[in-house]
Amino acid sequence: MSELNTKTISELAEKLAASECTSVDIVNDVLTAIDARDAKIGAYLTIDRESALEQAKAADAARAEGRKHPLLGIPVAIKDLLNVKGQPCTCSSKILEGYTAPYDATVIAKLREAGAVLLGRVNMDEFAMGSSTENAALGKTSNPWNLDHVPGGSSGGSAACVAADEAICSLGSDTGGSIRQPAAFCGCVGLKPTYGRVSRYGLTAFASSLDQIGPITKTVKDSAILLETLCGLDAKDSSSIDMEVPRFSAALGADTSLAGMKLGLPKEYFVDGMDPEIEKSVRDAVEHCKSLGAEIVDVSLPNAKYAIAVYYIIATAEASANLARFDGIRYGMRLDGKDPAELYGKTRAAGFGSEVKRRIILGTYVLSSGYYDAYYLKAQKVRTLIRNDFTEAFKQCDAILAPVTPTAAYRKGEKTADPLKMYLDDILTTPINLAGNCALSLPCGFTSKGMPIGLQIIGDAFKEETILNVGHAYEQTTEWHTMKPEI
Amino acid sequence: MAETNQGMDVGYVAKLACIDLTDEEKTLFQGQLDQVLQYVEQLNELDVGDVEPTAHAIPVYNVLRKDELGESLDHNAVMANAPSSANGHVRVPKIIDQ
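Chains as they are written, first to last, in the working numbering: chain A, 1 to 487; chain B, 1 to 98.
What the hints contain is simulated information worked out from the structure, not anything from laboratory work.
By construction, the Cβ of each residue, glycine as well, lies at the ideal position given by its N, Cα and C atoms.
Heads up, a few of these hints could be off.
To be verified - Each pair of labels, with its calculated beta carbon distance range:
| # | chain 1 | residue 1 | chain 2 | residue 2 | range |
| --- | --- | --- | --- | --- | --- |
| 1 | A | D242 | B | E45 | 52 to 60 Å |
| 2 | B | Q35 | A | A18 | 55 to 63 Å |
| 3 | B | E24 | A | M243 | 45 to 53 Å |
| 4 | B | D50 | A | D242 | 31 to 39 Å |
| 5 | A | E279 | B | E45 | 22 to 30 Å |
| 6 | A | T6 | B | K94 | 29 to 37 Å |
| 7 | B | E24 | A | P246 | 49 to 57 Å |
| 8 | A | Y372 | B | D97 | 29 to 37 Å |
| 9 | A | A61 | B | Y61 | 41 to 49 Å |
| 10 | A | E3 | B | N76 | 51 to 59 Å |
| 11 | B | A77 | A | K94 | 19 to 27 Å |
Can you build the whole structure from these sequences, using the hints too?
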């Protein structure tokens, strides 16, 4: 077996260009890997076999006619909250049973335009609410590094399929860490773009002031290739920004010097309760960047500790409004009632899982008359303080280095009974969404039990180029990203 | 904010959110959400009286477009998703009692 499924986008692009393989070969190898492993991993909710092979044939034909794109003929797995025309889009929720997407999300249209092969849709926490993919109504996903452990979440399927070589790359979404945390747990590269970089048209909205779509890949270079394809202004998403999209991948060459680069180290980011093995790996990574020529400076993010409180007010408030559309009227599940109110109440009771119900209720409460100022408005003000911290920090440095999570992937079931405990794990990722910045998560070590550890490189707004350059330099001079789990 | 958290009535708020809860869910969520509300009380440590609230991370104001006829989604594909429909319309239970 040629095992093309184990390769990266850039490796496959070279092989395709040199006619050493076809896109059909790649898709066949990926499908073989899915057949061999996905019963254990549980990453996929639906696999579009025939369609994927047809798309691969079309990509091979286009290549023969001279078309070029690094994603031409590359299979991509899609988090199941992105609309792909003619396919289900379940958000891993029972309430979207029977729904068929009547249109393509903008990122899907961009992938099609590039000639990428849409392979299938992968599991997630219901409506992206969760950090372990255990809040999924339609499937169970395991961490490829240890099947008893969670893959992280909410983009758990997107990270697990890439780590298990059941996809070359995938799309996830990140509202409070949902790309970076599973990427860290599964040993992949995950990038949350700056708010406004990527159109969210066709993304099922969770918290509209925080959501971003981004890539999960095997290398930083691949992250750049996928990202530059997804970015850009879209008339269908008024929060997307009219700004030139750099060719991120072109800047990533053989030069691994970080000379002239100032990297900030926030003392508040080495929180109480952090696994010492995580702290050590991240501090080693900082030293490594120093050895590549970077100057390390101390920075302070004093309000980062309030991020969880702010996040769980703002995100749930926005979710309570966004999820009002799931009412059993126009699509999905319906439980009939004698009047619309009874229909809504019964449908939403049967269709939503516990975590989604909890968050809708919390969000409704913090927005309700009499509590709005005390909770929602206050949270928005503290959000300003968190943003200001980053603005100040980026006056002193080009990028910030930090852990992604306080612990590595944990055993399934360990935190499901205590929602607050699960929320607290998002302490290192949520500040970036609240501030609207970009951040990259990439492998920087393993725990003594063999679970991957992630390094977070945080950039100022629209400085994806910087964090990709730092990440690439680190990756080119370390071996962590080459490690593969035994499945 | 200390005065606000006199305990949320989960049953009442769930009704506002149009979700029928079982008694077990009410008890479970009440305890869990009280804990979360207690946790967010820490924001009271901060004096944010003069701070401007942030609604969006990137300042974007009034994005307008020309009022022109464009392409819409395929009506049949959209209607195919409706749990109940007739003559190109979504069917719902009677709203006004006669």
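**Request:** Determine whether the Cβ-Cβ distance between A61(A) and Y61(B) falls within the hinted range of 41 to 49 Å.
**Result:** Check passed, 46 Å falls within 41 to 49 Å.
**Asked** In this structure, is the beta-carbon distance linking Q35(B) and A18(A) contained in 55 to 63 Å?
**Response** holds, 58 Å
**Asked** Between E24(B) and M243(A), does the C-beta distance stay in 45 to 53 Å?
**Response** Cβ of E24(B) to Cβ of M243(A): about 50 Å, so the range 45 to 53 Å holds.
**Message:** For the hint 29 to 37 Å, verify it against the beta carbon of Y372(A) and that of D97(B).
**Reply:** Distance hint for Y372(A), D97(B) holds at roughly 33 Å.
**Asked** Does the Cβ-Cβ separation between D242(A) and E45(B) fall within 52 to 60 Å?
**Response** violated, 39 Å
**Request:** Could you see if the CB distance from E3(A) to N76(B) stays within 51 to 59 Å?
**Result:** Violated - the Cβ-Cβ distance for E3(A) and N76(B), about 44 Å, lies outside 51 to 59 Å.
**Asked** Between E24(B) and P246(A), is the Cβ distance one that fits in 49 to 57 Å?
**Response** holds, 53 Å
**Message:** Assuming the hint says 22 to 30 Å, is it satisfied by the Cβ distance from E279(A) to E45(B) or not?
**Reply:** Check passed, 26 Å falls within 22 to 30 Å.
**Message:** Quick check: does the Cβ-Cβ distance between T6(A) and K94(B) fall within 29 to 37 Å?
**Reply:** With a Cβ separation near 59 Å, T6(A) and K94(B) fall outside 29 to 37 Å, so the hint is violated.
**Request:** Confirm or reject the claim that A77(B) and K94(A) have a C-beta distance inside 19 to 27 Å.
**Result:** For K94(A) against A77(B), whose Cβ atoms are near 22 Å apart, the range 19 to 27 Å holds.
**Prompt:** Within 31 to 39 Å or not, the Cβ separation of D50(B) and D242(A)?
**Reply:** holds, 32 Å
Against the hints set out earlier in the document, violations occur for numbers 1, 6 and 10.
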